[in-house]
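Protein chains: 2
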Amino acid sequence: MPVGTLANVKTLTPAQLKETGAQMVLANTYHLHLQPGEAIVAGAGGLHQFMGWKGPLLTDSGGFQVFSLSEIRNITEDGVTFRSPHDGQTIHLTPELSIQIQNALGADVIMAFDECPPYPANREEVSAATARTYRWLKRCIAAHQRTDQALFGIVQGGIHLDLRQAAAESLATLELPGYAIGGVSVGEPPELIVKIVQATAPLLPPEKPRYLMGVGTYREMAQAIASGVDLFDCVIPTRLARHGAAFVQGERWNLKNARFRKDFTPLDGTCPCYTCQHFSRAYLCHLLRAQEILAYTLLSIHNTTELIGFTQRIRTAILNNRFSTEFAHWLIPATAQR
Amino acid sequence: MPVGTLANVKTLTPAQLKETGAQMVLANTYHLHLQPGEAIVAGAGGLHQFMGWKGPLLTDSGGFQVFSLSEIRNITEDGVTFRSPHDGQTIHLTPELSIQIQNALGADVIMAFDECPPYPANREEVSAATARTYRWLKRCIAAHQRTDQALFGIVQGGIHLDLRQAAAESLATLELPGYAIGGVSVGEPPELIVKIVQATAPLLPPEKPRYLMGVGTYREMAQAIASGVDLFDCVIPTRLARHGAAFVQGERWNLKNARFRKDFTPLDGTCPCYTCQHFSRAYLCHLLRAQEILAYTLLSIHNTTELIGFTQRIRTAILNNRFSTEFAHWLIPATAQR
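Quick note, the sequences are listed as chains A and B, same order. Going by our numbering, the first residue of the first sequence is number 327, and it counts up by one from there. Going by our numbering, the first residue of the second sequence is number 327, and it counts up by one from there.
Careful, some of the hints might be misleading.
Given that identical chains are not distinguished, each listed pair holds provided it fits within a single copy or across any two copies.
Said to hold, decoys possible - SDA-like mimics (lysine to any residue), calculated; alpha carbons at most 20 Å apart, straight line:
#: 1; residue 1: 380; residue 2: 331
#: 2; residue 1: 344; residue 2: 604
#: 3; residue 1: 380; residue 2: 369
#: 4; residue 1: 344; residue 2: 600
Source of the hints: derived by calculation from the structure; they are not laboratory data.
Pulled out of the complex, with its shape left as it was, chain A reads as follows (with noise of 0.2 Å):
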């Protein structure tokens, strides 16, 4: 899933979106309760109609946010209250209040208000964290109103395997129609995550689709894929085109290096993106020098086309039985390699 925090996937129009393979996007309801409030969006009729977006959609709750982006002023039972960054308010965010907010927004997926641990700490602070978030997922799936809406519940645990596999079995047993695992990507070393993906996903039902959340590149997502993960969202595309950088080949590309100055080749021959069929790297390379939007447009189509398409060649390589020998290259650690 592409990231589109503010109900839109920066630079891209949902055309463009929809060309690059894209089914399905995130959005955030943390910014987007602050801005433009959840009231408007539903005044528009809902977020798909808000932003133009046919596909399915998916909000987190807010959560993640709360803890890694906002000045936070308490934590209670009850719920989290914090400074809005945006205008300097306090909120207090309850699970209850995520719910509703999500239900206004109306997207596909809503997922469970959870607190995140950050990394490091203490195995007393995680196995609180991780209890009070399935207290809070129970209030969740008490608060939520809408069928049409499925709410997703959020494993915790940190980086202690024994927490996290005990939090999978727990949610395991509400028969929710997705779990997600969530708390990684948050400063813990990449060999943690895949060990904490290959304690966790497996505890999940394989019949229910299992969202990996914050996640990711290449290897992430390969490794992933191979414990039983479905689902992924990741600003990482969009996020290096604004820096002017192109996943190619499996690397990361500065487009602004002066090697690419009379180089009038397309980034890749073999992408069938908009970016790549009527433009050369001699030219966005001239884009970003002269600092042109349009650069950043055009390298999130290449980028968000390119990572969509990997998962792509990976699902056609599971239905094939070929992905464990097709991928080997990403199912190692990267230190293995070279």
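Got chain A; can you put chain B on it based on the hints?
Okay, now just chain B, sitting in the frame of chain A:
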């Protein structure tokens, strides 16, 4: 012609630009010479190939920009020496070099290198610049190497109608494939532009394209068309978009305004553009307040469609012999209205 200064119309892909109804696009010789340089554009196969625009292209000569954007060091009969604002280097631009650059860029229409006097300027200065512009035009004609590019001459003469008329008559004898009226929109009152165009355009051959450079607004275009002008270029649609403004119903609206926050109607319900067909004023207001780049793209699509639509409606009205009645509103000075 939408303006694509640095080989792109700001924030728009060529596919989006085509959907606005745009046929011909202008690019700037001065800017492209400085960055990325005409050698790179030529290396890509020319400007059309470089920027992915299959329709007609026009490059200006650099004259206007040298006189308006640069720190001029010296003007002689040979040419103009100036300091590049891009990297500080000293550049000597002559009629021959301007044509050589434009031959390398490869637009369908290229412009003669002219001396554009400032406003205000005394009659002697303007007279000297106009005479020099004519001598430089002859040198441009001699230097021009490509029969597949149409070289247009430019009428100067400031606000002095007799100088304008003498220049127009001299140029008309040269049997060029097209003619432009330059040196307007340089700070003079709008009513003077009308007078200049009324005095000059009818003296240029009616069977050749007549191009009013750097104009315009609805009113300026309608009034110039009434005098026989065929071609315009203007940065307003995309520049206004980047300031969060839209052309709607002949007015300029600031979409960031609070009155649009909960306005779920399209920008213009009668407009066929992608933006009006898919998004509400509330969404555009939200994107602008969130400083999302997509806002500038969506407003550029609408504004360009709207301004080109205006000229298309004029074309239809002319063919139906209804121009002066249907567009009467635009054919009188703004001060005479309401």
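We went through each hint and held it up to the structure:
no.: 1; hint: 380 - 331; result: within (17 Å within a copy, 35 Å between copies)
no.: 2; hint: 344 - 604; result: both (18 Å within a copy, 14 Å between copies)
no.: 3; hint: 380 - 369; result: within (17 Å within a copy, 42 Å between copies)
no.: 4; hint: 344 - 600; result: both (12 Å within a copy, 14 Å between copies)
Taken one by one, the earlier hints all hold for this structure without exception.
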